[in-house]
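Here the protein sequences come in this chain order: Z and V. Going by our numbering, the first sequence opens with residue 1, and the numbers climb by one from there. Going by our numbering, the second sequence opens with residue 1001, and the numbers climb by one from there.
In case anyone wonders, no lab produced these hints; they're calculated from the structure. Please note that a few of the clues may not be correct.
[Stated by the list, open to error] Listed below are the simulated DSSO-like cross-link pairs for lysine-lysine, each with C-alpha atoms no more than 30 Å apart in a straight line:
no. : chain 1 : residue 1 : chain 2 : residue 2
1   : V       : K1180     : Z       : K89
2   : V       : K1024     : Z       : K134
3   : V       : K1024     : V       : K1266
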Amino acid sequence: MYCLWCSEPIIQQLTWQNFFFPDIKKLCVYCDSLLEKIDGDRCHKCSRQCDQAICFDCQRWEKEKERDTLVFNYSIFQYNIFMQELIAKWKYRGDVELGNIFRDAVRKGFTPTFAAMKKHAIAVPIPLSKDREKERGFNQAKILADFLPIKSELVLHRMEGEKQSKKSRKERIQSINPFTITKSINKPVILVDDIYTTGTTLRHAGKVLKENGCPEVFGFTLIRG
Amino acid sequence: MQQMKALHLDTIALLLSGKLLLRKEIPLDDRQFHTLLNHRLITPVPSIVRERFTWKCQRCGNRHRFLFSSLDKASIYCRKCIEMGKVIKSECLYIWSGAIPTWKKYEAACSWNGELTLAQAKAAERIVQTIQKRESTLLIWAVCGAGKTEMLFPGMEEALRYGMRICIATPRTDVVLELKPRIKKAFSTVPIDALYGGSKVKLATAQVVICTTHQLLRFQHAFDLIIIDEIDAFPYHKDPSLAFAAKRAKKLNSTTIYLTATPRLKFRLQMATKQLSYTFVPIRFHGYPLPIPKLKLCRSLRKNLQYSTPPPALLHWIQQRENKGRQLLIFLPTVEITRKFEKSLTTFFLKHGIIIMPSALSCVHAQDEDRNWKIKQFREKEIQVLLTTTILERGVTFPAVDVAVLDAGHEVFDEAALVQIAGRAGRSFDDPTGEIIFFHDGKTIAMIKAVEMIKEMNKQGGF
Ligand SMILES: [Zn+2]
Ligand SMILES: [Zn+2]
Ligand SMILES: [Zn+2]
């Protein structure tokens, strides 16, 4: 096996714990050390690493009950320079193979947080617009959702970027919701995306789901930007 | 109409000939593209071909099974050269098969009126002869600060006299950016293109091309003279695809000049067995020997690195220097350590009066977007102390610096890197000496060999 980032050979450690189900390492020890997990105290609502229970941004969200459609978001990694490069190569250069780096961490990060609702929740990846997906060849959110131990369904549709930019400036500032729904879900939904930055995207998606009968919406993202 | 079309074709020929391109790299609309394809002026070639147990990427030469991947069977792609745009098996690469443009002959293209030192002139003459005789390779082994760029001028002038197309390839973007104005000034009448990741020009059409070694992947049978700078540097020596690309970028009867200050073992063996013709330039352009690095054992180094605290020996050295007016260039092994030390050293140096304001200390590394700006600030002496990863180990020169390496035993500092780092000191006429110190917590073979090599080069230079 070779490191998916630097191509150095990887020595797979076989121990009694993993003898029958070895973790297949995708990164060498060095590259792996460059990924920073979110650990210690985090905002309960958005997973930002901080010592407040609810961070400043989320306090503002909570004041806008109508737009705040997300119960909480859970992220695994911090957005450092290495992660930026990794994501750029994966998404924009289109090196789809790099997604496998996250398989293990996504599974392990998901289970303790969402274990309670595991049986009846549905994972819904945030879609790309059709043009964007055609250009890249894949949707990174769908790849992440497929790693999860629960059922995943593509029920959202995203308006083309151009159509959106044709809207007037005022509408854009009010930030028009780019999502529509193709099928309603009446179970809890866990939205899956690669990165949580402002949280607006997930809440837009959450809004259309809730308007169509979804009881609660959560977020599960690889990175807290 | 006829004429317009002819003119247009000439432009297209200039854009596409000598290249190997993906469809998306060809700046033509579908109609134009298909017309040229139908007239067989553009020829498709397979991008990824099947080999026994593996694939081969026709652009970068990659044949490692693990460096191919796919979403589905039709879309096998090469992971190796993906930074240059994705090569997919189902999409071809294209070459120009129309008339090949001819390049201009320049009677006397070189407008540089500086003077070469005796040692430079000797090497320059050797390059000229190599080009005249159309010999295939020559290695120039020139110590750091020998002034190798100027040595190239007579050879380039000779090549342009024959109407040759020239490429200077170097591993680092910083060096491309530094070379471009110098070459432009020396050959003011010759069109020159600079190519690097993110450069405005994507498809070079100039007779002289300065580019990063990665950019060579886009060329095929393009150059009569190809000069490969820093042949020992990462990534050329580690990455076979760059040797593959360099080989393909040159024409069949062409000359390759390799430049190095620290030839690796493979080349030294080839030189010793006369398989590779070479010339050695052991003297710096100002005639002074290379400064010899001092090795300083620091027992607290592990702890210092762990907690980003400066080792006491560093302060001691800084205060004991012969010429305290020199700027400081401090090398650190990793980006992370460099960034952490930026904070702690600023406080520490302020406290001890090494710097008088926080902005006088800064750090650079490969992912630093402000890198070029900071390097400029350092040159203009706005920054007094610059912390850096190995990114500044070669190519970039500063007139008067003293150099320290923290954790010189780290694996990133191999023999060649340490020799190059030591070569940063004493680079100008006005200040031809400088101090270099390697802080370590146990001598490594690389450190010992680097010092030996510097001493040996000085000996050869008659010191
Ligand atoms: Zn690695
Ligand atoms: Zn928060
Ligand atoms: Zn390739």
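A quick look at each hint next to the structure:
Restraint check for V/K1180 and Z/K89: satisfied, since their Cα atoms lie roughly 29 Å apart, inside the 30 Å limit. A distance of roughly 15 Å separates the Cα atoms of V/K1024 and Z/K134; the hinted pair therefore holds under the 30 Å criterion. As the CA atoms of V/K1024 and V/K1266 are separated by approximately 38 Å, the hinted pair breaks the 30 Å bound.
Going through the hint list in order, the structure does not satisfy hint 3, though it satisfies all others.
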